[in-house]
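Enquirer: Chain by chain, the residues run as shown.
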Amino acid sequence: MPPASHTESAANVAPIVVVTDLIKQFGRFAALRGVSASFDAGRLYAILGDNGAGKTTLLRSLAGLTRPNRGTVSMLGTSDLRSVCHQVGYMAHPSLLYDEMSGMENLRYFARLYSIEDNERCASVIRAVALDPELARPVGQYSQGMRQRMSLARALLNDPKILLLDEPFSNVDVRSAREMVGLLAKMRDAGKTIFVVTHQAALLEGAADEFVWMEAGKIVSRTSSLQPVEAR
Amino acid sequence: MTTSSLTRATLAKDLRLEWRSKDAINSMLFFALLVVVIFSFSFNPTAEESRQIAGGLVWVAFLFAAVVALNQTWARELRNQVLDAYRVSPAPANSLFLAKAFGNFIFVAVLEALMTPLFIVFYNLRALGPTWQLPVVAALGTWALVVNGTFFAAMSIRTRSREIMLPLLLFPISIPAVLAMVEATSAILSGEYSARPWIALLATYDVVFTTGCLLLFETVLDAE
Amino acid sequence: MKRAFPILAVLTAVLLSYALYQALEVAPTEATMGDVQRIFYYHVPSAWTAFLLFLTNFVASVVYLIRRNTKADIVALVSAEVGVVFCTVVLVTGPIWARPVWGIWWTWDLRLTLTLVLWLIYVSYLMLRRFSSSGQTPLMAAVLAVFGALDVPLVYFSIWYFRTQHPSPVIGGGGSLDPRMGRVLLINWAAFLCFAVLVCWSRYRVERLQREVEETQALEGLLESRGAR
Numbered sequence: 001m002p003p004a005s006h007t008e009s010a011a012n013v014a015p016i017v018v019v020t021d022l023i024k025q026f027g028r029f030a031a032l033r034g035v036s037a038s039f040d041a042g043r044l045y046a047i048l049g050d051n052g053a054g055k056t057t058l059l060r061s062l063a064g065l066t067r068p069n070r071g072t073v074s075m076l077g078t079s080d081l082r083s084v085c086h087q088v089g090y091m092a093h094p095s096l097l098y099d100e101m102s103g104m105e106n107l108r109y110f111a112r113l114y115s116i117e118d119n120e121r122c123a124s125v126i127r128a129v130a131l132d133p134e135l136a137r138p139v140g141q142y143s144q145g146m147r148q149r150m151s152l153a154r155a156l157l158n159d160p161k162i163l164l165l166d167e168p169f170s171n172v173d174v175r176s177a178r179e180m181v182g183l184l185a186k187m188r189d190a191g192k193t194i195f196v197v198t199h200q201a202a203l204l205e206g207a208a209d210e211f212v213w214m215e216a217g218k219i220v221s222r223t224s225s226l227q228p229v230e231a232r
Numbered sequence: 233m234t235t236s237s238l239t240r241a242t243l244a245k246d247l248r249l250e251w252r253s254k255d256a257i258n259s260m261l262f263f264a265l266l267v268v269v270i271f272s273f274s275f276n277p278t279a280e281e282s283r284q285i286a287g288g289l290v291w292v293a294f295l296f297a298a299v300v301a302l303n304q305t306w307a308r309e310l311r312n313q314v315l316d317a318y319r320v321s322p323a324p325a326n327s328l329f330l331a332k333a334f335g336n337f338i339f340v341a342v343l344e345a346l347m348t349p350l351f352i353v354f355y356n357l358r359a360l361g362p363t364w365q366l367p368v369v370a371a372l373g374t375w376a377l378v379v380n381g382t383f384f385a386a387m388s389i390r391t392r393s394r395e396i397m398l399p400l401l402l403f404p405i406s407i408p409a410v411l412a413m414v415e416a417t418s419a420i421l422s423g424e425y426s427a428r429p430w431i432a433l434l435a436t437y438d439v440v441f442t443t444g445c446l447l448l449f450e451t452v453l454d455a456e
Numbered sequence: 457m458k459r460a461f462p463i464l465a466v467l468t469a470v471l472l473s474y475a476l477y478q479a480l481e482v483a484p485t486e487a488t489m490g491d492v493q494r495i496f497y498y499h500v501p502s503a504w505t506a507f508l509l510f511l512t513n514f515v516a517s518v519v520y521l522i523r524r525n526t527k528a529d530i531v532a533l534v535s536a537e538v539g540v541v542f543c544t545v546v547l548v549t550g551p552i553w554a555r556p557v558w559g560i561w562w563t564w565d566l567r568l569t570l571t572l573v574l575w576l577i578y579v580s581y582l583m584l585r586r587f588s589s590s591g592q593t594p595l596m597a598a599v600l601a602v603f604g605a606l607d608v609p610l611v612y613f614s615i616w617y618f619r620t621q622h623p624s625p626v627i628g629g630g631g632s633l634d635p636r637m638g639r640v641l642l643i644n645w646a647a648f649l650c651f652a653v654l655v656c657w658s659r660y661r662v663e664r665l666q667r668e669v670e671e672t673q674a675l676e677g678l679l680e681s682r683g684a685r
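Chains as they are written, first to last, in the numbering used here: chain G, 1 to 232; chain U, 233 to 456; chain A, 457 to 685.
Extracted from the complex, chain G is given alone in its bound form (with noise of 0.2 Å):
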């Protein structure tokens, strides 16, 4: 599916997360090794690359949680990524969710961070990602794709613009997957920005506008369709 129209929309808006220089470094290593970047609204990325090549460190980046040696992050038109985080949403591998605490008694607690008291929001969001409000099994007891849902479930809590993903189809078999990604397409075409760190790349084919990949702390391409990089 060629992503033109995105594109087209795109060309006379300003960018809404741009990354310039971006160094990170543990230690003796260095996740990060000078990222620039910059990502139109509206669409729906994917980043690719191998264990090691900074999309944890990327995302986690973006979101703020983790603070770059150098170089800039620049959302929503400020850098101050704390005065925007709530138009931001966050997925991370691990579910961040109590695992002794039901979906709802989860959603509600996260609810309240971000002031939203009405307890509809949550079971609405529970219920796009096809699960059911009224669940009373602690979250530790979920299979791992009804976590992996749940989890996203949370991250829309806040119905960001930004939304950040990080391996959301890991262990979730693969008809749920493609209906996560039939959520998000559907979500990318309400007008959310969306990144979505996976090592399936295929499951995204047709949905992502555009495949960013990494290496080693860099991206080294970006392309709008899977197969002329597989080809290589």
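Because the hints were derived from the structure by calculation, they are not lab data. All values derive from a computational prediction rather than experimental measurement. Beta carbons are placed, not taken as given, at the ideal position from N, Cα and C, and that holds for glycine. Some hints here could point you the wrong way.
[To be verified] A partial selection of chain G residues facing chain U, derived with a Cβ cut-off under 7 Å:
hint, residue
1, Asn69
2, Gln87
3, Tyr90
4, Met104
5, Tyr109
6, Tyr114
7, Ile116
8, Gly145
[Said to hold, decoys possible] Below, computed lysine to aspartate or glutamate pairings styled on EDC-like, alpha-carbon distance capped at 20 Å:
hint, chain 1, residue 1, chain 2, residue 2
9, G, Lys161, U, Glu424
10, U, Lys254, G, Asp99
11, G, Lys161, G, Asp40
12, G, Lys192, G, Asp159
13, U, Lys254, G, Glu100
14, G, Lys218, A, Glu670
15, G, Lys218, G, Glu167
16, G, Lys192, G, Glu167
17, G, Lys218, A, Glu671
18, G, Lys218, A, Asp634
19, U, Lys254, G, Glu105
Using the hints, position chains U and A against chain G.
Expert: Just chains U and A now, with coordinates in the frame of chain G:
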């Protein structure tokens, strides 16, 4: 949403989780009992000298129990990296800190409330000074341990061998507080001198370090 | 600037030998304590130097917290390291002096206890630096240094109260110092201070180089490993 209502929400969540899993409280209670029994073996309770050092004994026992409790503070937030969910939200860092500190205060206070009768029974303790000052000393002393303990536990999250790191950081800084607690308690038990200057010192310590923790907690939480 | 280091090194060597000669030969023998009192010329300058280094550590830590400046962090690190060494000298020479003079190794005197607590705080500071995962070390260490500084007045007052309730033999203090002794003391302090600055300086240079190497390795190491593949 205000800091205080978020603090309440987080505290309520922590208490509910603890009530459900009970993983910390049971082991802590047993640990506290063991500490009292071992102390009673080590320092003959019938000897008159033991009564003289009872203030020290009680607080050293509380200190051990508190460290084990404090080490659990952030364990639940680290599992599944839930702490990151808090950090990406607009919620203020100090709400989290206060909730954890109050939670620990309740936790350690419960332990102390259960250990104290045992000490009284084993050591046949009886206050010769103004008894009403004892709860004041206990509350101020417990807060002194807990506020810095919660803070240093958050710091040791980011260290290797985190369980051992907490006492290494906490004990040196706590020396004036421990001295004040022990001396105040001994003063009240023996009735020989006034506990007031020690209580004032403890209160100062609490104010100074509570302020310090609130000013620097966000820095520590976001250090990555 | 490049010349300054060897000049300081020579100056320190000269000062140290001159101070040693002054302490052992020139200074008059103390009337009641005898020769053992000469340890005073090492004990006191070490203490002053250690306190000065701890103060430096505190200032550098505050600067780091505000500016996040790597140089400030290195200054904080080296001043704490060297400060702990001098503080250890104080704690070792103290009992050696006390034992023959007062018949006791240790007393919970205000200055002694304060020095001991400072030593404990800064050892825990160095432990934290050693054990915290890299990248977050400077920040954690700076925060702990601030907490340690907040603690010092509280430690002082707690020991002061404690002493008023549990009197013990009063040591040191009182009495005026022979002016000749005072002069030797100052010479020794000058020598120790130069020595401390010299050690801090070289430690600072080593640490900076080490961090530069680490950074370069981190940024280029991956390239090499990829080339080899």
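Enquirer: The structure should be examined with respect to each hint, and the outcome stated for every one.
Expert: Outcome of the hint check:
Proximity of asparagine 69 of chain G to chain U is violated relative to the hint, the smallest CB-CB distance being about 11 Å (cut-off 7 Å). Because the closest C-beta pair between glutamine 87 of chain G and chain U is about 10 Å apart, greater than 7 Å, the hint is violated. Satisfaction of the interface hint for tyrosine 90 of chain G is found here, the shortest Cβ-Cβ separation to chain U being roughly 5 Å, below the 7 Å cut-off. With a least beta-carbon distance of about 13 Å to chain U, the hint placing methionine 104 of chain G at the interface is violated under the 7 Å criterion.
Proximity of tyrosine 109 of chain G to chain U holds as hinted, the smallest CB-CB distance being about 5 Å (cut-off 7 Å). For tyrosine 114 of chain G, the interface hint holds, the least distance from its beta-carbon to any beta-carbon of chain U being 6 Å, beneath 7 Å. Hint status for isoleucine 116 of chain G: violated, given a least beta-carbon distance of 9 Å to chain U, over 7 Å. Interface hint status for glycine 145 of chain G: violated, as the beta-carbon distance to the closest one in chain U is roughly 16 Å, over 7 Å.
Straight-line distance between C-alpha atoms of lysine 161 of chain G and glutamate 424 of chain U comes to about 68 Å, which puts the hinted pair past the 20 Å bound. A hinted pair counts as satisfied when its Cα atoms are at most 20 Å apart, and lysine 254 of chain U with aspartate 99 of chain G qualifies at roughly 14 Å. The hinted pair formed by lysine 161 of chain G and aspartate 40 of chain G meets the criterion: a straight-line CA distance of about 12 Å does not exceed 20 Å. A threshold of 20 Å between alpha carbons decides the hint, and for lysine 192 of chain G with aspartate 159 of chain G the separation of about 9 Å falls inside it, so the pair holds.
A C-alpha spacing of about 11 Å is found between lysine 254 of chain U and glutamate 100 of chain G, which places the hinted pair at or below 20 Å, so the restraint holds. Only pairs whose Cα atoms come within 20 Å are accepted, and lysine 218 of chain G paired with glutamate 670 of chain A is accepted, the gap being roughly 19 Å. Distance hint between lysine 218 of chain G and glutamate 167 of chain G is fulfilled; the C-alpha atoms sit about 19 Å from each other, no more than 20 Å. For the proposed pair lysine 192 of chain G and glutamate 167 of chain G, the alpha carbon gap of about 18 Å is at most 20 Å, so the pair holds.
The hinted pair formed by lysine 218 of chain G and glutamate 671 of chain A meets the criterion: a straight-line CA distance of about 16 Å does not exceed 20 Å. Taking the CA atoms of lysine 218 of chain G and aspartate 634 of chain A, the gap is near 70 Å; set against the 20 Å cutoff, the hint is violated. Restraint check for lysine 254 of chain U and glutamate 105 of chain G: satisfied, since their Cα atoms lie roughly 18 Å apart, inside the 20 Å limit.
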